[in-house]
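When you get a sec, could you build the whole thing from the sequences and use the hints?
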Amino acid sequence: MKITLIVAFDRNNAIGRDNELPWKLPDDLKRFKVLTLGKPILMGRKTAQSLGRALPGRLNLVLTRSGKVPFADMRAVGSVDEAIAQAEAAGVQELCVIGGGEVYRLTMQRADALAVTEVATIVEQADTHFPTIDPAVWEAVQRERHAADARHAFAFDYVDYRRR
3 MKITLIVAFD RNNAIGRDNE LPWKLPDDLK RFKVLTLGKP ILMGRKTAQS LGRALPGRLN
63 LVLTRSGKVP FADMRAVGSV DEAIAQAEAA GVQELCVIGG GEVYRLTMQR ADALAVTEVA
123 TIVEQADTHF PTIDPAVWEA VQRERHAADA RHAFAFDYVD YRRR
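Position in the sequence shown counted from 1, then plus 2, gives you the working numbering.
Hints listed in this document are in silico derivations from the structure and should not be mistaken for laboratory results.
Don't take every hint at face value.
[To be verified] Only pairs whose alpha carbons sit at most 30 Å apart, straight line, appear in this in silico BS3-like list of lysine-lysine:
id, residue 1, residue 2
1, K48, K32
2, K26, K41
3, K26, K70
4, K4, K26
5, K4, K48
6, K4, K70
7, K48, K26
Remember, predicted model here, so these are calculated numbers, not experimental data.
Here's what the structure looks like:
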């Protein structure tokens, strides 16, 4: 089972503030959909709540100790191993981890790939961060630059990493 962490972060690895994404990048949301559609996605409870609903066309797995999920069409899992088992049972080859910070920390050592959006900004008072990407462990294999424009307040790069 391939495990891919999908994340957008600022120059300080910040991914959130007050349980919200600190930017609006429509093209990044389109990329997220392409990367995750038809695949199981693993998230923490707070990330699940912030979505406002289960994401359609995906098996929505919520890592939670309580066994409760915030929305119908989401499935509770008690461990990363259980999430992998659910993904395997669904007959797919890849599990996409979509946050938040604690779930990224729990899955980083098991990940095979990172699909990163580096946002050219610094989020003041960020309260959630992505783990540091160690260049001894991760190799950037592709980078695609995007300038700020009328729809995107910040420049951003898509960077794909694979484990060395």
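Going through the hints against the structure:
1. K48 - K32: This hinted pair holds, its Cα atoms lying about 22 Å apart.
2. K26 - K41: This hinted pair holds, its Cα atoms lying about 24 Å apart.
3. K26 - K70: holds (29 Å)
4. K4 - K26: holds (28 Å)
5. K4 - K48: holds (24 Å)
6. K4 - K70: holds (26 Å)
7. K48 - K26: holds (19 Å)
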